[in-house]
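Chemist: What follows is the residue order along each chain.
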Amino acid sequence: MSKVYTAFRKKKVFSCVFIYLAITLFQNSIYASGNFDLSKNPDNINAIDISGKVTSQENGDPLPGVSVIVKGTTSGTITDLDGNYSVQVNNENDMLVFSFLGFLSQEIPVNSRSVINVMLEEDIQGLGEVVVIGYGTVRKTDITGSLSSLSSEDFNPGMQASVDQMIQGRAAGVQITQASSEPGGGVSIRIRGSASLTAGNEPLYVIDGLPIDNSPATPGYATTGNQAPRNPLNSLNPGDIESIEILKDASATAIYGSRGANGVILITTKKGKKGAISVDYSGYFGVQEVARRLDMLKAPDYMSFLNDLRVAQGQAPEFSQQEISAIGQGTDWQNEIFRSAPVQNHQISFSGGSDNTQYYASLNYFDQDGVVINSGAKRYTAKLNLNHSLNRFNFGLNLNAAFVEDTFVPHGTSINEGAGVINTAIYQDPTLAIFDDQGRYAESETVNLENPVGLARGVFDEAGTNRTFGNIFAEYAILGNLKAKLNLGSDRQISRRDTYVSRFTRIGAQTGGNAIVQTAENYNDLMELTLNYEKEFNDNHRVNAVGGYTYQVFTERGLRAGANNFINDALLTNNLAAGDRENYSIGSSRSKNQLESYLGRVNYALYDKYLVTASFRVDGSSRFGENNKYGYFPSFALGWRMSEEDFIKNLNLFSDLKLRTSYGITGNQEIGNYRSLVLLGLAGQAVFNDALIVGIAPTQFANPNLKWETTSQFNIGFDFEFLEGRISGSTDYFQKNTSDLLLNLPIPNTTGFGTSLQNVGSTSNSGFELMVNSENITGIFNWSTSFNISTIRNQVTDLGGLPFIIQGGAGFASGISILRVGDPINSYYGYVVDGVFQSTEDIAGSAQPRARPGELKYRDTNGDNQIAPDDRVILGSPYPDYSFGLNNSFRYKGFDLSIFFQGVYGVEMFNFNTVEAENPISFRRNRLESMLNRWTPENPTNEHPSYIPPAVTYGNAVNSRAVEDASYLRLKNLRLGYSFPKLKSRYIGSMSVFITGQNLLTITNYTGYDPEVSAFGTSNIRADYNAYPLSKIYTMGINLGLK
Amino acid sequence: MKIFISIVLISVLFTSCENLLEEEVFSQLAPNNFFISAEDAEASLIAAYAASQVLGDRRDYLLLSELNTDILIQREGGLRREAQRIEDFTWDATQPWLQGMWNRHYQMIYRANVVLDRVPAIEMDESRKAQILGEARFIRAFSYMYLFDLFGGVPLIETSEVLIEDRPERATKEQIIKFIEDELIAVSDILPPTQNQYPRATKFVALGFLSKFYLNNHKWQAAADAAKRVMDSNLFGLFESEDRSSLFAVENERNAEFIYVRPNVPVGGNSQNHVAHSAPPGYRFKYPPKTNFAAQYKMLTSFIDTFEPEDQRLNAFIFEYTNVAGNLVVLGQDDVRSFKYKEDPQGVGANSGNDVPLLRYADILLSRAEALNELNGPNAESIELINSVREVAAASSINLSDFSSKEGLRDFILAERAREFHTEELRRQDLIRHGKFIERAAQRGKTVFDYHVVYPIPQGEIDKNENLVQTAGYN
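For the protein sequence lines, the chains are A and B, in the order given.
Per my numbering, the very first residue in the first sequence carries number 3; after that it's consecutive.
Per my numbering, the very first residue in the second sequence carries number 274; after that it's consecutive.
For the record, the hints were derived by calculation from the structure and aren't laboratory data.
Possibly wrong hints are sitting among the right ones.
Using C-beta positions, here's what the derived DEER-type ranges look like [stated by the list, open to error]:
(1) B/ARG557 / A/LEU1003: 47 to 55 Å
(2) A/ARG854 / B/THR579: 30 to 38 Å
(3) A/PRO319 / B/THR574: 21 to 29 Å
(4) A/PRO942 / B/ARG557: 40 to 48 Å
(5) A/ASN707 / B/GLU442: 44 to 52 Å
(6) B/ALA688 / A/ASP438: 46 to 54 Å
(7) B/THR574 / A/LEU1003: 56 to 64 Å
(8) A/ASP872 / B/GLU581: 19 to 27 Å
(9) B/TYR560 / A/PRO319: 32 to 40 Å
(10) B/GLU581 / A/ASP438: 39 to 47 Å
(11) B/ASP455 / A/GLY803: 31 to 39 Å
(12) A/ASP872 / B/ASN672: 52 to 60 Å
(13) B/TYR560 / A/ASP297: 36 to 44 Å
(14) A/GLU325 / B/ARG557: 47 to 55 Å
Glycine included, each C-beta is placed from N, C-alpha and C at the ideal position.
Using the sequences provided together with the hints, build the complete structure.
Modeler: What follows is the structure in structure tokens.
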């Protein structure tokens, strides 16, 4: 298969994308725009007075600020706060143009009338007039910060298990990586690169104004070191999402202070609207297939390969010819554990409301089986959003309740006896049958791996997570423009995981069945009080200010109990007391942290042209040292709507052009609790008289000066719109410097500790982002394109005096990445392999004098004629040079088609599976099919060594063979839909159907399951090891609006 | 409206209380509620013991002590990538086990220093307090003994009041030797001859290690004298049984011969896993199910050939076995397995509960025999001591007349020590003491230099501490 992939030379592919984009843009430029003649200045001799009221068609509310212009003139007015206007026209045949951002403009002939009332229809094509920002909303035109605002039409279609999957590839500067493709598997999100080396790099999530703790509550794997986290957003139904705002620059995020440095994702759920009840059903069914398998040796090839290796070493063959001819195809273990798996989703929602009360309620059921047997996830959610306003009061409730049920199959980065199904399926002996003569899962005598099928079927591992979150708010207009709001929020997660390792597995047989029950509770309570002031002075000045106080408490509790040696496997985890008392294991934990904050922000707009935003937050966090509990996070931003200036207007090119720039300070506090204190904790157990006794010792250094990691960010960007809005977009450049890093600083172990959490070191990220939307063709046939691309340069700029820190490892390779000043964070680091020694002449005089032909030739980078750790160099970067997404949508009558490509270019990945296949820890493990092309005297290749264990070890497996190009271009989504025209049914108001395909095509040189994975979850250290494979997903669904 | 204002007021009142950001610690202890009682003193001492009982990945010190000697090799498994470098004398400062050893021993030292710094202020029974401090000093000296064995001179840290900015230099060999000797002598006067719990530091544990330490530093008279004091305690004796090799079976632990051990129970984290490494492929365990690692420990045939056929110590090896498929497999050249730590019937998976002896009475006897030979040449007492060890194993007795020179008896003792103490982590220091470590490696065809008698200071430590100077030869 890799042959096919290499056929696509990546450069060609990428240049194709660019040429395509260029053509798209060029085509747009041929739509000549009309001339706006604003020079006419008619006399007022026959003036006719016209007045009226402009209201919203949606809810009848008066619309203030609507521009009312006499067509073809510059004369006009805007509506007052109650939507009223009065204007003079010269001629009864004149036309009035009513326009208001976010609404469709209307042209109405005067026709001798003196009162003209108008209802404006909301322009659902635009992104809406108002955009949600931290602690409020802002007019889109007034935005000074850098943010990406996405609504339902921007979301990825098809099967989307969680909110973050919906926006993957859709926003520039936001890299969303599916860390694990297992159902409910976690994602890793990097907004504008990675800044922190030890603290978290994941953004803050705020759902309807409630900042949530996004660490997964589901207890971790009890069996196989799986470091890919669960996705905590699994408990939010993607179908309930109205819009997502991604805040990127300091002007947008500084209002979140100590949690803003990694960016902020604001999620707004659907709200009810005034009108009769509308009942909507949407649902889909789908099927998932493993997108790509690893090509391992089939049994006959495997047998002759091993024979060749043994014979080449002067040993007797492992298998006889008879055995080889009798084996058939052997067992294809990947085949045995993979399956095509169904997925289904059903949602019903009710919304509507009166003048005073609006509601939205929904129920959702989502059921996904995994493509690996015995894995899957189910979700049940209920949602209720209520809003009630009366005079000066406005009350509301947003409530989300979810139950998520996970079924896990053991997989992860563990090896050997502890390896999961993916690892065992890759490396298990293909000559081993699934079942032995007695019908039990066969055990290999020579390979210390479980039977993959026995392992998948023999481990019962389920988790149930209840999560309820929401907020209640009450707002009171103290004066017309001054509102006070109290917002109380809470997020309560309770999770329990039951794991039973039965005797079907070797490890379960050894322990006589092993049962573990784990529970975890995460609570988050918020109290927030804000004052909001909004005022316009004589049309020229507009002020919007917010000030507030918030207090948030996070608590966690955990409990764990385990037992083994059960009489049989029947009880699973349901009666731990039936296990062997001597081997009970128990544990419990509890922790808490608090945040106390004061915040303020002022937006000021002058002449609708000059915009200023200033914000400030004081954040106090319990996590920091006594001397540094509080941190101060200011930001300042300027905007200039250049399109309002005559010299731009005169260009007749831009319908909107805005220059934005901002600077601000944000922080990071994601270091876990109690890190500044001296703590005394369990320090291992000593054995005395054959009994275990617990010891207590200091577990960390105190650091009373521990403080915020500080990120200062400068941003400059443009928002633009030209050709009458056919082409719009934004572009940004940013420079992010992070200092006082919260770094687990390696310290001399003579202190008794290896690291201490200190504020040392710095990193920087700078980058460029571009988003472009284009309406290529409008009319009955409609074609629109959206494209985004970003590039980020990331580097370590200071390491507190250390020359470097080497990190990362799993299985049979350690020290795979380096932190070093001037290099990207966690660049891959190791030896360079320059092919294979072909002859003894090659070896003589080389740095590997005792090597034999067929062994790997390492590069002696420092020329000292020996292969030593000094020869290691940077082998690649886990940060792509470019990330991009390209969507094309077509509409014709009722049909719609969208095609979304997403990709990254210029990125590498450390492939542990290659390392393990090329350096098998036991002879009988299976190998990659590509290894058949091994070096032999008759096949003097430079691609593969002889795979005969070297006589003398030089270098090691952390070398350039393990670091692969992980650039890819993926056809991520393809959707074809059809909306039925007005139906005559008594019950059904609207109906549409669709089919989607996801991950249909991936073009890459990468040889693993998927170039996108991250075996270490959200860590900066990226690597592929036993990844749960990516799926191709085909779905078909229906949306029904019921009467 | 009133309700709303009340809510706001209540909220403000609620939030303006004191210490909103106080860190409440629930699952751990803090200095203000620890180091108060006698129980706290004991618990902090146990932490130091706990660190001393788990060495690296349990197997690392064994491999660092035997793989580069004339008895053991390691094949197959992921382990081999590092193990081969030890066997081939191609290790360097980045060898991960060295960093592990360094970290573990300085952790013991830190925890011992915590006891020594904090326990004196605790109000408790003074005699027990003195003992606790004595045990902590023993653990600290014990750690330095192992660090000295691995690395030579290392930084000497005698307080827990350390700063992250500290960049200590290496102490000289002489300073370390003096420190260890002084401390072991001092604690041997403080510690009781016996303790209720096993294995804890006692007077004779300290004296026994002191004897070994003198011996390794060629202080023959002092070594012989210290060994004699242990013998004269009459607390210890050689293990006698039908089969000498059953000394290492779990059921025979806590015998008079084991003076000090690294104790194990078959529970992960406090167990050992030797048998999982030494069991040959497809080995049918007596007490299944047990884990059989891909990595294989194998004994060199040249070493096995030094045993007399009737020597019961041969029962510690497996020469052939019936595999799980029922076939007899004969282990050939350099493929015999040490099953010295006999299968633990209670063992689970790779976790076995066999204690690993760190100091045996047989070692005291052979150490005194060796020291006396170095002092006086072949002599009756040395021969008698050696024979006492050989007799319990049913090996033939030797005669004084067999040895015409000091060198002859010295070589015999070195060979006898291999037969007696293989798989007990002593071979490397024995060869070094006899000046044979480098020579024999060269005979096995290794490219080897004199500086290989110590391991390099871990590169990670050199990188973090500019005052650490790498051992000559490794830089």
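Chemist: All the hints need checking, so say for each whether the structure fits it.
Modeler: Hint check:
1. B/ARG557 / A/LEU1003: 47 to 55 Å: Holds - the Cβ-Cβ distance for B/ARG557 and A/LEU1003, about 51 Å, lies within 47 to 55 Å.
2. A/ARG854 / B/THR579: 30 to 38 Å: holds, 33 Å
3. A/PRO319 / B/THR574: 21 to 29 Å: Check passed, 25 Å falls within 21 to 29 Å.
4. A/PRO942 / B/ARG557: 40 to 48 Å: This hint holds: roughly 44 Å between Cβ atoms.
5. A/ASN707 / B/GLU442: 44 to 52 Å: violated, 27 Å
6. B/ALA688 / A/ASP438: 46 to 54 Å: holds, 47 Å
7. B/THR574 / A/LEU1003: 56 to 64 Å: holds, 59 Å
8. A/ASP872 / B/GLU581: 19 to 27 Å: violated, 50 Å
9. B/TYR560 / A/PRO319: 32 to 40 Å: holds, 35 Å
10. B/GLU581 / A/ASP438: 39 to 47 Å: holds, 44 Å
11. B/ASP455 / A/GLY803: 31 to 39 Å: Distance hint for B/ASP455, A/GLY803 holds at roughly 36 Å.
12. A/ASP872 / B/ASN672: 52 to 60 Å: Because 56 Å falls inside the window, the suggested range holds.
13. B/TYR560 / A/ASP297: 36 to 44 Å: holds, 41 Å
14. A/GLU325 / B/ARG557: 47 to 55 Å: Violated: the Cβ-Cβ distance is about 23 Å, outside 47 to 55 Å.
In summary, the structure is inconsistent with hints 5, 8, 14 from the numbered list given earlier, while agreeing with the others.
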